[in-house]
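Letter by letter, the chains look like this.
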Amino acid sequence: MKISLTINGREVSADVEPRTLLVHFLREDQGLTGTHIGCETSYCGACTVLVDGKTVKSCTMFAVQADGASITTVEGLADNGQLHPVQEGFWERHGLQCGYCTPGMIMSAVGLLQEKQSPSEDEIRHAIEGNLCRCTGYHNIVRAIEYAAAKMRGEEPPPPDWEEEEVSV
Amino acid sequence: MYPRQFEYVAATSLDEAVSALAGAEFAKVMSGGMSLIPMMKLRLLSPDVVVDIGRIPGLDQITDAGDYVSIGALVRHAQTASAQNLPRALVDAASWTGDVQVRNRGTTCGAVAHADIAADQPAAILALGATMVARGPNGTREIPADDFFVDTMTSALQPDEILTEIRIPKVGGATAYDKLGRRGGHTDYAVAGAAAWVQKDNGTVTNCRVALTGVGTKPTLAHGVAEALIGTDGSEQAVKEAAERATEGVTVLEDLYGSEEYKAHLAKVYTRRALTQALAQL
Amino acid sequence: MTTTTSVLGGAVRRREDPALVQGRGRYVDDIKLPGMLHAAFVRSPYARARITSIDASAALAMEGVHAVYTADDVRHLGPLLAQVPVGKLRPLLADGMVNHAGEAVAMVVAESRYLAQDAVDAVVVDYEPLEAVVDLRDAASDRIKVHDDLDSNVIITWEAGPFGNEEAMAETKRKIAEAKQRDDTVVVSLDMVNQRLIPTAIEPRAVLANWMPGYERFEVYSSTQVPHALAGAIAKTFGLASNAVRVVAPEVGGGFGAKLNVYADEILVSFASKALGRPVKYTETRRESPHNTIQGRGWLGTATIVGTRDGEVLGYEIHAICDMGAYSQNFTAAIPFLGVFVGSGQYKFPTHMKLDLVHTNTMTTDAYRGAGRPEAIYYLERILDEYAAAIGMDPAEVRRKNYIPADQFPGAMAPVGFALDTGDYEKNLDAALRFFGWEDLKAERDRARAEGRYVGLGLSSYVEVCGFGPSALVDLGFSWSEYGLPSAFNGSGLVRVNPDGTATVIIGTGPSGQGHQTTWAQIVSRELGIPEDRIRVTHGDTAESPMGIGTFGSRSAAVDGAATYEAAQKVREKAARIAAHLLEAAEEDIRFENGGIHVAGSPDKSLTWEDLAKTAYQPHLLPEGLGGGLEAHSVFSPSNATWPFGTHIAMVEVDPETGDVDILRYMAMDDCGNVINPMIVNGQIHGGIAQGVGQALFEDAIYDSDGNLLTGSLVDYPLPTAADLPNFELRRTVTPSDANPLGVKGIGEAGTIASAQTIVNAVVDALRPLGVRHIDMPLRPKRVWQAIQDAQSGRNG
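Residue numbers (our numbering), protein chains in the order written: chain R, 160 to 328; chain Z, 242 to 523; chain W, 1374 to 2170.
It is worth saying that the hints were derived from the structure and are not from the lab.
None of these values were measured; they are calculated from a predicted model.
One thing to keep in mind: the hints can contain errors.
Stated by the list, open to error - Label pairs and their computed distance ranges (CB to CB):
hint	chain 1	residue 1	chain 2	residue 2	range
1	R	S279	W	R1822	23 to 31 Å
2	R	S327	W	L1462	45 to 53 Å
3	R	S279	Z	D392	35 to 43 Å
4	W	L1462	Z	L286	35 to 43 Å
5	W	P1458	Z	M394	43 to 51 Å
6	Z	M394	W	I1517	53 to 61 Å
7	Z	L286	W	V1497	40 to 48 Å
Unchecked claim - Once the Cα atoms are required to be at most 20 Å apart in a straight line, the calculated SDA-like pairs of lysine to any residue come out as:
hint	chain 1	residue 1	chain 2	residue 2
8	W	K1647	W	P1452
9	R	K213	Z	A322
10	R	K213	Z	F247
11	R	K161	Z	A322
12	R	K161	Z	L300
13	W	K1405	R	G190
14	R	K213	Z	I303
15	W	K1405	R	K213
16	R	K161	Z	I303
17	R	K213	Z	Q246
The beta-carbon is built from N, C-alpha and C at its ideal position, and this holds for glycine as well.
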């Protein structure tokens, strides 16, 4: 089946089997391997992309459903080598370890910050509930998103909370 | 992870969708696809034809129709969760459905039609006494919520019918939904939950409907609770006593998340909590 | 309270991240090779059955299907190699019998993933189902034997107290028995389950094998923590020289021990690639993963303490049955033994430990974060709390009273029979109690209780053994010789200063998010003074890196890091000789500072690294006999494993009506010796805690009595999400290790080893007023509620 869509600002036409999942279309046909697959039950969120501006799990959408849509993947966030504030926040606040959940996590954070300029910690935690991370315990992901939110508001991000020094008694 | 092959129909009108359904041996309707696609990926379900209603215009609105508020077939959970003109029970149920991405894509009508035993919105729909509007080859019919949920993942919809709209009556009173999620709090599917609608007049409860989710084979009305509460003053004691009857006539089922005894207990707890929250608004 | 610094590097941002945050990291499933085919597996729906027939004709007739392989095709390659070959080894494909649900019966190779799965559905296998053995006591009874050709389901028994000394063990048992007989002692005992877990790295395992005809060489990409072990296993299986196999572990999306293994699928796709002359890839789906990638934990045991009424423990016993699953893989039978190492924790009391390891008709268990150590510490630290409650003593004070005192170090021996490196347990406990305000926390809990709230405080000490390790470990059976590798657990590092003055560091580790590119650059920069951004670190490629055995057991910094440090020192020595020659100064006056090379006391005499390196590659300019080049390789064997320790504290609140548990605060005071990058160390602790909390509250690999896994998807195997976890409050004490020159101890698993019982202790503390003594993990609301009901009706034992 023929589909036409916009991916990271680029117009794309392709012929796909109806059963092809959007995530496989992005990864296998378009070479956009930044969008990852971690499960098949729509729980892990590693495959999160923006479809028409909304975060969606691309493993739970057929490519044919995206006909006519505009899609942003993690590869489409940085602008001429300039990291998106959320990407910068993840780097600055150690919001990633293995990096596998990171693209999906970043897309969810981008989705959140589009809607809320100053999310509370609780709002951040609930906003990324659909993205599983097995490495970080989420602590630094929350800090990363707080960093990005501050940056996007034009404010100085809060300082990191890791401790450089030991406690002696 | 890899669904079997199927024929894909991107319907542009309800008529087209209905005729595509009618012509197929085994067809499934897809709106958001949040329940259907995972089942297809696990090959638990392999329809010959998938009829995508996602492109049909005019179905993505929550509209005030005078006596009722209409939720179109393509209204996403996120829309329901932020609606100003829907009862709180349904708004909360929608906001605790899945996660952000699921709520951005999945639809309220889809979740209701899927009739998962642990889903949130079906309980709210049932407590609110909503009406389902189904379109099939013989035209449109209305199905009261009380008759809609038939069994585990089985609704009164025929295979050739599409749930096009849910009508939430504007009956006044107050509503609430509360649940215990599988990961605690309100997170994830409901281990058990209850939606409540109550009306009070001159200090007396005049009307009440409570629906349970998670505890049995389907979202179920707790008739005994309503019976017990109507006519009382809705006091803490009255609510407590009424809630004791939550599982009357309900087949409580054990699952990974709770024994029969525990689930029956939770049904009472959440009935009480939902009623208390609803009454507090009056 | 004062603070001092013992940070060897600093909290610098990770070198790994710019690619990863842009989605440009390359994981195995991202790699496509020309002509690549896809493998998929036919899996058994039964836990124990005889295979009566396999008909692949319909699958083979499908266009685009290249092959369907069964045991007949691969039997000659033998069972899957295992490093600790105790028990039954796994056949590459089920051979006549299946022994766990989801066991691979046949492999399909096809043009696409979707087609491969269609072909899997078309393979018809007939089974004769047999009764499965799932329950651990049932398995230990040998009522039904999982494998007819083994004498017993019990494949080995590990006993210690101390380990390896029968006479001393008899004495320990006698002492404990005597103490139990005394009138003035208290005996507390609990039956506890440390449940099976599914490791669940978010990246499912993937492998891509490419046999290169003519080159007669394998190139294999795998999401593995142990690239060298895999290369060794492939070489040995196919009868090839070790340098005829190149294994690359590119970005690896989390491992947690589950990728510390050699898997049948890795051998099978290699076989298929060789047979078909095409690259073959296999990426497991999440649904397959619990049946295809090892699980962890699975202990059913009884812990008993006997002690005086004033808190002196006179003896501790733990007897457990440990679930090995149906087949032994890499370290299967050795995992509980890692628990033996820490069986007596930080304590001095006589300890007797007996672990029976059994086969069952379930998926293999092996290393999962902590691997044996969380299980052992769980039993110990749970029963210590019950003992404290029984004698009405503060749980922190009970621990303090029984620690091995600081003055026993160096040279302290754990009662289970192993020498500890360094430790100051009381210092750490005190730091935790004072810094986090233990007395205030208790007061807060008591106030909440007075208000009718069920708030609880949990505390756990822990000691970990990691940083494997010393060559001497081989004597205990921990080696890599089964894979044809040098047998020791050494680490290695190669440091090369390039002609342009940059440095390349090549290490034999296999990280999956631990930030080695950053940390190793810090180690080398600290020695040479070359700025970190001019140092590039590569790892995970057996064709490039020196022999290394991978990343697991919190060992990389303590072993490979130390090796790299030594290599950097060798480079520095040579550089100093060259610099002394060029600057006409004495070698001992050469200083490596501010990114360059200087002569002490002569500010005008200096060199850049570029000047020096350029010379180093022109032998005729060097002192006679020095030789060209500027690189060094070092293989390091530590004098001991490292033994990190710490104190974790949690405050929880329970809704007694529903059993819902809420973590109010989580505090950790860890001691992992010196720290290279505190940011990375903190991240490791966060993640470790999260996994322990996951075990405490949510995760459970539940098999029914027929051996069906009931929690095989993320829908039913809930991992903690951001909404379920609190912020973590971390601080640390520093007791440098003396087992390696960096003084580091390892921190990858500490959080997990500490946290599960910290949470359980807190929940039980919250519910103690209701009479609850213990709840088995996971503390899902239903269990918590049930425990309350049982306690109220006197059913709690």
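Verification of the supplied hints:
1. R:S279 - W:R1822: 23 to 31 Å: holds (29 Å)
2. R:S327 - W:L1462: 45 to 53 Å: Holds: the Cβ-Cβ distance is about 50 Å, inside 45 to 53 Å.
3. R:S279 - Z:D392: 35 to 43 Å: holds (41 Å)
4. W:L1462 - Z:L286: 35 to 43 Å: At roughly 38 Å between Cβ atoms, Z:L286 and W:L1462 fall inside 35 to 43 Å, so the hint holds.
5. W:P1458 - Z:M394: 43 to 51 Å: Distance hint for W:P1458, Z:M394 holds at roughly 47 Å.
6. Z:M394 - W:I1517: 53 to 61 Å: This hint is violated: roughly 36 Å between Cβ atoms.
7. Z:L286 - W:V1497: 40 to 48 Å: violated (22 Å)
8. W:K1647 - W:P1452: Distance of about 18 Å is within 20 Å: holds.
9. R:K213 - Z:A322: Distance of about 15 Å is within 20 Å: holds.
10. R:K213 - Z:F247: At roughly 27 Å apart (the allowed maximum being 20 Å), Z:F247 and R:K213 break the hint.
11. R:K161 - Z:A322: violated (35 Å)
12. R:K161 - Z:L300: violated (25 Å)
13. W:K1405 - R:G190: Holds, because 10 Å separates the two Cα atoms, which is no more than 20 Å.
14. R:K213 - Z:I303: holds (19 Å)
15. W:K1405 - R:K213: violated (30 Å)
16. R:K161 - Z:I303: Given pair R:K161, Z:I303 is violated - Cα atoms ~32 Å apart, limit 20 Å.
17. R:K213 - Z:Q246: violated (28 Å)
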